[in-house]
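**Student:** Given these sequences and hints, build the entire structure.
So the sequence lines, in the order shown, correspond to chains V and F. Note that our numbering numbers the first sequence so that position 258 is 572, with each residue one more than the last. Note that our numbering numbers the second sequence so that position 371 is 685, with each residue one more than the last.
Simulated from the structure, these hints should not be mistaken for lab results. These numbers were taken from a predicted model, which means no experiment stands behind them. Take the hints with a grain of salt, since some may be wrong.
[What the hints assert, rightly or not] Quick look at which bits of chain V chain F covers, simulated, 3 or more residues with Cβ under 8 Å: (1) 330 to 344; (2) 350 to 364; (3) 608 to 614; (4) 622 to 628; (5) 636 to 643; (6) 684 to 691.
[Stated by the list, open to error] Take a look, some chain V residues computed to stay more than 12 Å from chain F by CB distance: (7) 408; (8) 413; (9) 439; (10) 489; (11) 490; (12) 494; (13) 498; (14) 569; (15) 597; (16) 653.
[To be verified] The list that follows gives simulated cross-link-like pairs (lysine to any residue, SDA-like), each with its CA atoms no further than 25 Å apart: (17) F:692 to F:749; (18) V:382 to F:369; (19) V:692 to F:624; (20) F:382 to V:335; (21) F:382 to V:367; (22) V:382 to F:435; (23) V:382 to F:370; (24) V:382 to F:334.
Even for Gly, the Cβ is constructed at its ideal location relative to N, Cα and C.
There are 2 protein chains.
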Amino acid sequence: MSSSAHESPLRWAEIIAVGTELLVPPRVDTNSLYITERLNDLGIEVRAKTVVADRREDLDAVLRAAMKRTALVVLCGGLGPTDDDLTRDAVAQVLSRPLVEDAAVVDQIRQRFALRRARMPENNRRQALVPAGAAVLANTHGTAPGLWIEHDGGLVVLLPGPPNELMPMFDAVVRDRLSPRCGDMRVYRRVMRICGQAESDVDEAVSPVYARWPSEALPVFTTVLTAPAQVELHLSVRAASDTLAATRLEACASQLRVVLGADLFSQDGRTLEEVVGQLLLERKWRIAVAESCTGGLISSRLTDVPGSSGYVALNAVCYSNDAKSEWLGVPAALLAEHGAVSESVAVAMARGIRQLAAVDLGLGVTGIAGPTGGSDRKPVGTVMIAVATATSEAVRTYRFPGDRARIKQFASQMALDMARRLMQDTPIGGAFVVTTRQVSR
Amino acid sequence: MSSSAHESPLRWAEIIAVGTELLVPPRVDTNSLYITERLNDLGIEVRAKTVVADRREDLDAVLRAAMKRTALVVLCGGLGPTDDDLTRDAVAQVLSRPLVEDAAVVDQIRQRFALRRARMPENNRRQALVPAGAAVLANTHGTAPGLWIEHDGGLVVLLPGPPNELMPMFDAVVRDRLSPRCGDMRVYRRVMRICGQAESDVDEAVSPVYARWPSEALPVFTTVLTAPAQVELHLSVRAASDTLAATRLEACASQLRVVLGADLFSQDGRTLEEVVGQLLLERKWRIAVAESCTGGLISSRLTDVPGSSGYVALNAVCYSNDAKSEWLGVPAALLAEHGAVSESVAVAMARGIRQLAAVDLGLGVTGIAGPTGGSDRKPVGTVMIAVATATSEAVRTYRFPGDRARIKQFASQMALDMARRLMQDTPIGGAFVVTTRQVSR
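**Tutor:** Set out below in structure tokens:
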């Protein structure tokens, strides 16, 4: 049917990703994450998403069920040239429309092959089959065109599975076609990030606050995501204007600021390394890191930020005792007396790299990432982090849970957070801490 | 119904993840990835997986549809104490069973709160509601028990949403309960990893090979996954014994070895950093890395491997020209003449870090990760990688696609691969290469 003006705007969608290969254990369906975000931007919320194997009866049933629930169904994948690419056939069958070869599409596919000096295999003709009445969406990155089908007051959109074809097609064609159907409402988000409190403490503090928001005028919904030593609050609101949304989200953010204090390090989705970078730039400071158990992860995170060459000059990964003493000037006697995993050594590393790189702020990290090397007194997960400036030094001993990868993540996060708090002059958060020592000099 | 011996073994499953929060754009449903892998281990294949919002009518419909298709449906999440935790109610309704409070479960929940010196909120009683006839699965990490319901020849399993509750529950209870229902067949996998060929070249080389396997006796299915400068082939086979599966997978692997040659760096799922670590250990060699544009990522990847302290002593991240010349001894004249992003500087960095750390193998990496800093001659993505030993040096200029994060990933991968190939004495792969220079001395 036509997209006449009296229709109610599109509000809900379902996404169906087609392909047996998407059900292999490590495989994440990144397409649906991308499409969900883009649909949200248009004010359309995703009600369900399904990954289904290349099996006609299942695909037919899943499509029928989705069309019953929502006016917009987006299918991804299964548009290739082989026999197990079933999406075109399933859609044609479920919508009771014959498949018709589209001569223009055949031409385009043939030209794509000609560019590579190849003949179009006969198989690829299948990609030019189009359910009667469908609009063809050009694929500038591959052979399978997308399809846009108005049906019975609803809308079925077929997109190719490869993300490098699907994403540009959505942005170039699908968004503009959907936009006039979406009304004035948009979904706006704001991401707040917290470090220095255990997840359960954050939740205890903030859940009484955000629990009220959904029942207030202009309801705001909150989702809690967690990463090592980080809690994220994703706030979302449906609103008819940028201003309305921004005002409402800011009101919610201000309530969170009250209960979270200095543990709230980002209110605009910035990562911890971005926040640290910004603080360094504001102070015209440079930073240097001496890492042992984190093995370069802190350095890598700092340099993930564009422009980090403005404040990172030199970092060192000193795994061995020799490297710690020769490079960083950690006294051999200190290493012998306290062991490489000790607060004294962490402080000497921070001090050493700060002087060596001639920067304002030095970080030193030493610990036991495991799986071996732990002891009763210093079990796997024990990490000492020190921060040094011209006027002060501080060191903390942490005990982090999890495997080697998680312990590295935890330690890199807490080290960056110590740098942040030093620059913001706020006390260090309490999570995972065993001991603290502050040295002013 | 009972699990009598004449039933056919469980072959197919569907997974339903329940929760509006799972539909927030960045959120990945990791539970279903975990369960898929565990079910595969038992010989059960996942036919579809769905993420559905907290909305009763949708959840009911999705559950009904899944039960029609497969004998095993696993639901994750929606077992919490609040009103939007709907899974118990939906299952009771769809299976037409009344919800009954389980006194033992109430006791357990009460005890959990008592341990934290808290009273059980009245809300949490909801978590003790059990569809009549369901078996309760103990939750050792939280308050919501799992549920196991035999129904009409099929099986519905409810698991709590938090991964730290779901995973141990599956491993401790669900697996053992499923195992006798699964027959003798298991799904076996083998992961092969390739570096040094573009994805399309790998596919052109291997697809004629793996295309035959599904129609042969003991069919093997292949899934291709890609990461920056890495192609993974996931082979899977359903077989009744470890030996049968291993023999069949090895026959397939040997065919891949023929067409892939030295580009195939891993045949057992090991990562490139694990392979490089193993090669170093075999040679009793140590490695040192001087990184500029990769910012510590190579070092972090090398030290992700347990035991890497056996071959990593000292790595340096030298972002600034000063750091390159002062630390690594890169001649200032070289930096002035060729610029920091040049093959000469990459070689001098590899040579410098090798000597400084007194190791066998040095890597030097310099380039433009962007988004700024590119030029016509050296656009963003240009990276020089050098490798140096006591007897030889080699350097390559690459041009990598993508944003800053991807360029770092690409460069770290190709640097590790250059180290691997040097140790395996095989020529360097051709993907992304602009120029090559080999210097024997």
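**Student:** Are there hints from earlier that the structure breaks, and if so, what are their numbers?
**Tutor:** Hint 22 is the one this structure does not satisfy, whereas the remaining hints hold.
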